[in-house]
Every structure is written in structure tokens, then in C-alpha cells.
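Novice: Here are the chains, one letter per residue:
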Amino acid sequence: MKFKIFVATLMFIFLLGSLYPIIATGLWASPAEFRYDLKPGGTVTGEVTVKNIGNETVNVTVEKKRLLMDSIHLVYSDKGIANWITINGNTTFTLKPGESRKITFTVKAPSKINYSDAVGALVIRGLPVVENVTGGTQITHGVELVVPIRVGLPGPIIESLQLIDHKAPIILLSFIPGEFVYELKNNGTVQANMTGSIDIRGLTSHSIPIEGVVYPEDNYTLVERWAPGWTDLGLYKVDTTIKYGRFQAIKTINTTDTVVVIPVWLIILIIIGLVIWMLRRRGVEAPIRIKIERK
Amino acid sequence: MKEKIGGLIALLLALMFAVALGAYDTSSAATANQTVTVSVPEAISIEVDSPVNFGNQSAGGTYESPSYNIKNTGNVKIDLYVQTNDTDFRPTTPNTEDTIPIAGNYKIRSNVTGSFQQLSTSLLKIYDNMPKASQGSGTPFTWTTQQQLTIPSFTEDGTYIITLIYTAVKHNVQP
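The listed protein sequences correspond, in order, to chains A and B. FYI, the working numbering numbers position 57 of the first sequence as 57, with every residue one higher than the one before it. FYI, the working numbering numbers position 59 of the second sequence as 59, with every residue one higher than the one before it.
Bear in mind the hints are in silico, worked out from the structure with no lab data behind them. Certain hints may be false.
[Stated by the list, open to error] If you want the ones that stay clear, here's a sample from chain B, every Cβ over 10 angstroms from chain A, calculated:
(1) Ala10
(2) Ala30
(3) Val52
(4) Phe54
(5) Val76
(6) Thr96
(7) Asp98
(8) Gly104
(9) Gln118
(10) Phe154
[As the list claims (entries may be wrong)] With a straight-line cut-off of 27 angstroms between C-alpha atoms, the simulated DSSO-like cross-links for lysine-lysine are:
(11) Lys132(B) <-> Lys71(B)
(12) Lys102(A) <-> Lys132(B)
(13) Lys71(B) <-> Lys51(A)
By construction, the Cβ of each residue, glycine as well, lies at the ideal position given by its N, Cα and C atoms.
So that you can see chain A by itself, here it is in the shape it has in the complex (with noise of 0.2 angstroms):
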């Protein structure tokens, strides 16, 4: 009887997957980023595969972009290297489920150029061709991956990142995250690769790393969060050590600052003691009283 309820259910399944399907928009692209050297004026070609993985027809469609990227952020713009870079042959097509295309494009460097590192990017976008409205409020879901295009180009390699501001928490409460924020600047001509931590220290101590990379004229805004746990309570040191470079991170930014902790705990702790505090002064005696006497 059980093995007949067991298929019964199977077969129900099976049958209500069939009447709604889960549909998936998606695409695959290789390789995943290029990284070229070029010399000024010089041009090199190269060639991405698209395919479509979902199980529905998609719209694609190709876009040349500079990259600023922080730890937050990812923003396209069509300045710089986005003029570098040409697609050849066609920007949108479209893909049917498992269909690939090749797509070419050529990067040709200016001859002339105040920097030496710059990032952009091909941009593949697949919207689903038939939006399937079955009434009520339907969001479709559409995939966009980004192919970065890194180029080197010979010239002086200054390197100088700015912190230009940065922001720390004053009063943390357990478990909840506090946000340390540095807006950082690359005024040099090459890419400043980030390393470094947030120490902080005080009852307990604790390492935040920190990574990335922030490409010549960009800004940066690097975030990182922490929440202390249980244990932590009191003043706590922060102190900030951001190393960077092209190709050894040798130079050093620091900041130091102080966080107070107040932990959940202490405050449930001050809340029950006023409330013990205030019913004592105020004479009020608890409502049921037990007195155990012996016969």
C-alpha cells in the first residue's frame, strides 16, 4: 500500500513538473577575460564563444565598455579603452537553447597615452525573446556577463593611490555589521594592486583582509563591514593598512580609528536592573507571594 502512495506521488510530481516547467535564461562565454601588452599604436585581435545554456531563445546583443570596478560598484562608461576596442561583425543576434556564436573584436592602442594599465570590457546581454505573462506583477530575468579586456602599454610606471576620504564607525552593537568605507584615487599611471587588512584591536582582536585593484585615473570606494560577536565589548583600535603597487605592493596607506562596542547583552543586563531599580523605589511588592511553612 505504502509503495502504491509512493508512486502515486511520484507520478504526481512528475506530472506537475511537466505542466510547469522551470524555465532558466542563460549564458556561457570563453574565454573568461584577455589580458594583451601592446605597444602604442599596436592592435591585436581576439575571439570570445557565446553560447546559450538556458532552455529558452534568447536576444543577444554585444556592447565595448571601460570598466570601473570597486568593491561595490561596477560601472560602464564609453570613454578610454571602450574607443580602443571594435566588434566585428554583427552585436545582436539570436541564440536558440544551446546555440553558440564566435564573436571577433579588435583592441587598437592610441599612439599616444598618459597611462599604461586600462581595463575594458566586452558586454554579452541575453534577454528572453518571449515574455511568458501569466497576469498578476512578473519579472522577467535576463543574463549579462562581462569579458574583461586588460591592456598593458609600455611607459613610466608611477604609482600613487590617494585616500581621499574615509569613514568608521563610531558605536557598534553586537551583531550588527558597521561599515568602514575608503574612497580611494589611482593618480598614477599604472595599476595600484591592493592588499592589506583592518586590525582590530581591544578585548578580542580581529583581521579584516583587504584585495583589489584600482586602475590608473578611477576612483574607488572600498567597503568593508564587520559586527562584533559576544565577546567583543569596550574601545577597540582600528587600525587600517592598505599596501599597494603594480607589481609589488611596497607603498602603504594608514588610518587609524576608534570604535566603542556595546554588546546586546550588557544592555538587556542595565535594562532588567533599572526596571528592578524603579519596582524598588517605587515600594511595589510582586503580585503573588509564597510562604512554605512547616505543620
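Given the structure of chain A, go ahead and fit chain B onto it with the hints provided.
Specialist: For chain B alone, kept in the frame of chain A given last:
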């Protein structure tokens, strides 16, 4: 004399046979190494369940969508961003004038913050360093998330749609 000649011939034949055998069977005398190389290219890839439907909901309430999956189907770690293609949900039903603005009303659960984050037409990072599937697992890394929508009070009845675009970029690796 004849016996000696016969013995000599037999000896010569035996020597010739031994030399021929040695020349034929070279494997016991030498070894060769062969280097086999294979290149596995990087591939970036994502797959998202689509579409997501909040169903029929009353105006003046806040609702959560059914959970849906986003998969890293490539072989590199990725950062995942999301943006809308419009500032408002637009009606598909004719003669409907209202729209549902996304500002203040439309959010997605982010893995970066662990809470619902406001959506907009700018790219919002919702997953930092999404892992690839472990080698040979056969199943891509899957993350499940949800959306939250507030339908303003007195919104006209009808069907409203918008498109969300999920963007994947290889997780930042220093050159």
C-alpha cells in the same frame, strides 16, 4: 673436418639469430617519455530561473516573491550584480495608467548584506566571490534568493512587468 665446418656454421647461424632478435626487440634496451598537455580555458557562465511572478496581490501591501535559483555554471569565481531595465513596473493591460515605481518599493535579498536591498537601474552587487562548483561534482553552485515588492495603495488592477538583469564578472584577481 666436416663436423667442424658444420659446428662453425651452426654457431654463426645462432649468432646471427641472436643479433637479429636483439635488433628487433628494442623495447628492453631503451625507454621514452611522452609529455601530454591539456589546456582548460576559463569560462564565465550563469543561469537564472525565469520568470518570477508575485501572483495576484492587493494594493497597499508588501509581498515576497517565491524563492528562485541563480547558478554559477562556469569554472571561475564570480561577482554577481543586478539591475532593472526600467524605473517602474509597467502595465501590460490596456487602458491602465498606473505604474509601480521601483524606488522604495522593489528589493532583492543580497548575499553581501544578508538583507533586502533596494533595486535600481544601476548595478547592485548581490554576491561577492560566488564559488564555482567543486571539481567533478556535476552540479553547479546554486544560490537561492527572493524579491520583495510593495504595491502602493490604490494601484489600479492589472498586470505589471519589469525585467531584471543579472551581471556576472570574474571575481577580481590581481594580475
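Novice: Of the numbered hints stated earlier in the document, which are not met by this structure?
Specialist: Of the numbered hints given earlier, those the structure breaks are 3, 4, 5, listed in rising order.
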